[in-house]
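Now for the letters of each chain:
Number of protein chains: 2
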Amino acid sequence: MRIGELAARAGTSARQVRYYEAKGLITSTRGSNNYRDYTETTLARVRQIRELLNAGLSTQLILAILPCLESPRDPIVFEGVTPETVAALQRERDRLSDRIDILTRNRDAVAEYLAELQRHARGSEPADS
Amino acid sequence: MRIGELAARAGTSARQVRYYEAKGLITSTRGSNNYRDYTETTLARVRQIRELLNAGLSTQLILAILPCLESPRDPIVFEGVTPETVAALQRERDRLSDRIDILTRNRDAVAEYLAELQRHARGSEPADS
DNA sequence: TCGAACCTTGACATAAGTGTCAATGTCAAG
DNA sequence: CTTGACATTGACACTTATGTCAAGGTTCGA
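From first to last, the protein sequence lines stand for chains A and B.
For the record, in the first sequence the residue sitting at position 35 is 35 according to my numbering, with numbers rising by one throughout.
For the record, in the second sequence the residue sitting at position 28 is 28 according to my numbering, with numbers rising by one throughout.
I should point out that these hints are in silico values taken from the structure, not numbers from a laboratory.
By construction, the Cβ of each residue, glycine as well, lies at the ideal position given by its N, Cα and C atoms.
Keep in mind that the hints are not guaranteed to be accurate.
[Stated by the list, open to error] Interface residues of chain A toward chain B, partial, derived using beta-carbon atoms under 10 Å: (1) A44; (2) Q48; (3) A55; (4) C68; (5) L89; (6) I100; (7) N106; (8) Y113.
I would like the entire structure built from these sequences, with the hints used as guidance.
Now the structure itself:
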C-alpha cells in the first residue's frame, strides 16, 4: 500500500511515516516509480509506534525494543544476538518498569485526591441521590 | 534555600528550576537582593517534577495533576473546585491509566522476548550450570 | 577591598517530533 | 491530453525541555 493509505489507516500523517522510516523504525520497498510501498505488517508496526510515542517513549527507545514486539514472532532470530543485546534489552525492560511504577504511583495519587473530593462533595451537599 | 542548592539537591540544573518556575510548576519568594528563595516543600516538588518528566509526562500534564501530589495534603482545598476541574482530573487519571497499560503491555512483550532468548541459550548451550 | 563564587536576565543553540509549503513527478479518469 | 489526486524531496517553522554563554549585580572569605 502507498504512504497515504498507510498513514490514514494508522491514524497519522504521511510526514510522520516518513520520519519513522528515516529513523529506521520501518522500511519500505520502492516501485518503478519512486513511490514507497508498505505491507500490512508495517501498518501494524506504525500503529504500535504511535502508541508508544503517545505513551512518552522516544523513537530511539522504540527502535531498541521493536524486535521484541513483532506480533506473530514465530521465527525468532537467535543469530547475532550478543550478550550486549540481551543486556541492553534488560536495561530497557527495567526502564519501562520504572516508568510504570512512577506513573502508577502518581495515577493512584490523583485517584485518591479525586476520591477525597467526591467524599467531601457527598458529605457537604447530600443532594442528587 | 537558593537556586543552586535546590538544583543540586534535586539532582538537576538551575536552568531547569527556572524553567519549571516559568511554567508555573513551582513558585519562589524574592529577598532584598533579587535572589530566589525556595522552601523544602519546593525541593520535594522539584524531585517529583523530575521524576514525572523522566517518565515521559509534559509540564502541562504535570501542572494539571500537581495539586493532587502534595505529600502531606492535610488541608485539602475544596473551595473553587469546579465540576470542570474534577472532570479534567478524571481525564488525566484515565490518560495515565492508558499510558500505564500501554507500557505494561510492551514491557511484558520485551520480558517475554528475553525469556525466549534465554530459554534458547540454555537449550543450545547447556554450560555454565 | 578584592576576587571567587554565586545570582540575575536575556539571548542563542540544540534535539525530537511534527506541521506545512514549494517545486516537481506520476497516474488515472474525464 | 489535461486536470486533479497523490507521490517525491527539501526546506523552513514551531514546541518542549534543555544547554550554554554573556553582561551584569551580590555575597563572602582572605
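Verification of the supplied hints:
The interface hint given for A/A44 is violated, since its Cβ lies 13 Å from the closest Cβ of chain B, which is over the 10 Å cut-off. At about 8 Å, the closest approach between the beta carbon of A/Q48 and any beta carbon in chain B falls short of 10 Å, and the interface hint on this residue holds. For the restraint placing A/A55 at the interface with chain B, the shortest Cβ-Cβ distance is roughly 4 Å, inside the 10 Å limit, so the hint holds. Evaluation of the A/C68 hint against chain B yields a held restraint, the C-beta minimum of about 4 Å falling below 10 Å.
Interface restraint check: A/L89 against chain B, minimum CB-CB distance 6 Å, threshold 10 Å, status holds. Interface hint at A/I100: satisfied, since its Cβ lies 5 Å from the closest Cβ of chain B, which is below the 10 Å cut-off. With 10 Å as the threshold, the beta carbon of A/N106 comes within range of chain B, its nearest partner Cβ sitting at about 6 Å, so the hint holds. The criterion of a C-beta within 10 Å of any C-beta in chain B is met by A/Y113, whose closest approach is roughly 4 Å, and the hint holds.
When held up to the earlier numbered hints, the structure conflicts with hint 1 and nothing else.
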